[in-house]
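Below, each chain spelled out in residue letters.
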Amino acid sequence: MAVNPKKHEMPTQAPQVRAHNFQEVALGYPVEIAVEEAKRCLNCKNKPCVNGCPVNINIPDFITQIKQSNFEEAYRIINQSSSLPAVCGRVCPQETQCESQCTLHVRAKMDPVGIGRLERFVADWHNAHANEKAQAPAPNGHKVAVVGAGPSGLTCAGDLAKKGYKVTIYEALHTAGGVLVYGIPEFRLPKSIVAKEVDTLKELGVDVETNVIIGKTLTIDELFEMGFEAVFVGSGAGLPNFMGIPGEAYKGVYSANEFLTRSNLMKAYKDAPQTPIMKGGKVAVVGGGNVAMDAARTALRLGAEKVYIVYRRSMEELPARREEVEHAEEEGIDFRLLCNPIEILGYHNPDDPRDPKNGFVTGIRCVKMELGEPDASGRRRPVAVPGSEFDLDVDTVVMSIGTSPNPLIKSTTKGLEVNKWGGIIVNEDGLTSREHVYAGGDAVTGAATVISAMGAGKVAAKAIDEALSGK
Amino acid sequence: MYKIVRKRILNPTVTQIEVDAPLVARKAKPGQFIILRVDEEGERIPLTVAGTNPEEGTVKVIFQVVGATTEILNHKEAGDYLQDFAGPLGVATHTEGIKNVCVVGGGAGCAIAMPVAEEFHRLGAKVTSIIGFRNKDLLILEDEFKACSDQLIVMTDDGSYGRHGNVTVPLKEMLEAGEQFDMIITIGPLIMMKFVVAAAKPFGVPVTASMNPIMIDGTGMCGGCRITLIQDGKRVTKFACVDGPDFNGYEIDFDEAMSRGRMYAAYERHAYEKACNLFKDA
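Chains as they are written, first to last, in my numbering: chain C, 1 to 471; chain L, 1 to 282.
Isolated chain L (complex conformation):
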């Protein structure tokens, strides 16, 4: 069992927990993920590591309440225990040789983008962060981004905070103004990442996208997390759990990934409603 040491509500649907998991805390690097199960009958869900404290032996993860499992998880408090917490899994974000990076995060994806931005900052790279949210109420981690970014641009879809519009607007402006990023790293909804790739393409800037497909074991056994890359015109199957989660944005078949992500949409909606009702009754 793994104790939740601290819990912090970041916005009405996004929560941060720090979990006692010393072995994971020693090893986890930005870009890697863990798999957790809330209880004995629970689903295995992957969550990206949002930070570690190796001395204390804790691992920080941030999750958005999107379904039954995250709803149940959100009802756990500091002092409660999680059934399972395994990791770190996946390949850490590639940082070598990158001196000028643009980190583009969207929504809850910013939780994953933040430790990546921090890592580049720590390594001495110039960090530009563009983070986007639907509205002001959903904004998370602004102070953390500020602390590790040479420049931070906050976007909201409705203009209720920061600049009005989506994250590709300032990205395009900077690229058009001649900004020479070594790498754009994008983490967020698939549709946003697809458009970030499209925005960067005319300028030939490399884009890394962090994928978050449906997973079960997360250790390279089930193949559920497969995504398709298009390499030299050929379709190549890769597994996000061991080959990723970061991939070359230009190669990813985003439309396929979006479709696969909705495989259990109907089931999930039903399960989520049931889980919500459970807590209403209680």
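For reference, chain C alone in the conformation it holds in the complex:
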């Protein structure tokens, strides 16, 4: 039977509808399409896709189970490698990972198998149909502490709990999930899915202590005094970067972290929220990553009449996932490429210092850019075009240009070495310069993907198990 060269499309909400609600954009495969898509998999012997997966999910095996409609068995196979399948099926950049290695794609120049969509299908099927709780294994007597309930911490905790470790996760915020709850919006990753994955970990015996800031409420040294034998630090990204241009303190300028946290974690997108956020008007989001796309699409759903992405390079260099960029374009986000902000403009009434409009953003002044010689990153360096300044009238500016690591743990943990950017230094096992202290995710790498953080959590869990099981 000839293989269908095209990946099955996943149904989505129509752009003009979804641009005004916070419900999920992509709706997932129905059963028949999932089975059809699974049948495109050649079940290659050498399984190149598995190597493309940061957590090495046994992809051909779970897809084989889908072909036979054994969805729960497919889930069991994924779950051996991934603690968060419903999350990864949604937010992983599969096009640069597993799917980029797919034989259909590499050899036959067809669309790769929709591995991510199938993973999501399996996880959603499980969540909708399975009602037995996860079984906590027999305890092995060892205690491990995990700092941060984000993707790396949840993964590390899940892997260790499955081996019988008593794991306690300490989370600084009031809800577990890290970037999955404060950063990634509801329309891309419903929070109920994150909550469900966290509940599964709790069923495995993991304790989640919210409102505990390691480095402040407790230190890493105190965790060891409390009897934990190893600590995994997955404290995530840190302070947001700003551009250092005039006007960044005007009211209406947010970091992407703040804007998304207000909307996602604090639920400012709901009617009459207790946490306010600036809604409506015109919005400029500065940056070209996935976070910038999330911020722009959130602004649109909050009721903005116009949303710009302002990015200093061209579409070719824009780092966000293609799918997210396409979704954003369909929804009407206006991409202003090869543009760089040089100043944020604010309202100032010279006659009335008490005018309530004083100090609010009125626009963003940009300069056009052109691409020059390649820089250290290999990308062509954008250079300002003299005399090309222009203004965009906006009410809100969201700066989405990266983060710098959080200083709280470094400053309170003696002997924990960090690099010049403040990222925690680890070896290939995730071990830091401190004995029995491991780290992974954005706290080590700086802002990266959910799945790479999960991969790091997994590596550290394996190393912790090897270090402690011999004891």
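What the hints contain is simulated information worked out from the structure, not anything from laboratory work. Watch out, some of these pointers could steer you wrong.
Claimed, not checked - Here are the simulated BS3-like pairs of lysine-lysine, each with C-alpha atoms no more than 30 Å apart in a straight line:
(1) Lys274/L to Lys357/C
(2) Lys280/L to Lys267/C
(3) Lys238/L to Lys420/C
(4) Lys267/C to Lys306/C
Unchecked claim - According to the in silico footprint, chain L covers these stretches of chain C (three or more CB under 8 Å from chain L):
(5) 112-118
(6) 215-227
(7) 400-414
(8) 421-433
Even for Gly, the Cβ is constructed at its ideal location relative to N, Cα and C.
Chain C is fixed; fit chain L onto it per the hints.
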């Protein structure tokens, strides 16, 4: 959940609660703050620690009813529970080497100034406290200040209690009389702190100001609490939650901080009225 163990009304709009939070109680130092949420849908609000009882495991915070969240919080009684209570956050007030300190508090800011004065007193420093209020009815913590200050001056804007005038009047008098403070620590409305800095400037006395900007996470993630310092003519962004809340008063761009503090003023007023009506109906 975190139990409110005790509640004390300090004046018609300022309330003190003691909350069961043993881990925070063990660690919190004067100048640090906590973040709390009243209920499941609640806002995260930062409140400075006003004292701790590590043995009992309780943390004291004092708040002024200024908006919807503090209005709802004010309706909680001893025995009720708060949804979240996290901390201690921020850097504790710097005390090392300071032997003669002047603590200048204004309004509800005195709630934060008081534990700082107490700490200096405990460390054996000479403590002069100047506390100011709009009128007699709003006076708080006078006895507490008396107990930890070598000298206490109470000011009211309308002269209904203590001396008539604002806190900079006696501060200037003392500085002019040759008082050699090692440090002036000021906590209160931004406009007051700005004028305290201006009063101290001609005498070259260092001033520390405790900032209280809008925050969300309070742990160095969102950047909402950023303030601008002017260092060697350069504008430098700092984050009150991890770099502060105390900053060198001479470096702070107070006008910018005042403007940013009003970002949600219209929204807050509306939400506050709604919250008040809610309790009226009930």
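Structure-based check of all given hints:
1. Lys274/L to Lys357/C: The hint holds at about 23 Å.
2. Lys280/L to Lys267/C: holds (26 Å)
3. Lys238/L to Lys420/C: holds (19 Å)
4. Lys267/C to Lys306/C: holds (22 Å)
5. 112-118: It is violated: at least three residues are needed, and the segment 112-118 of chain C offers just 0 whose Cβ sits closer than 8 Å to chain L.
6. 215-227: Result for this restraint: holds, n = 3.
7. 400-414: holds (count 3)
8. 421-433: violated (count 0)
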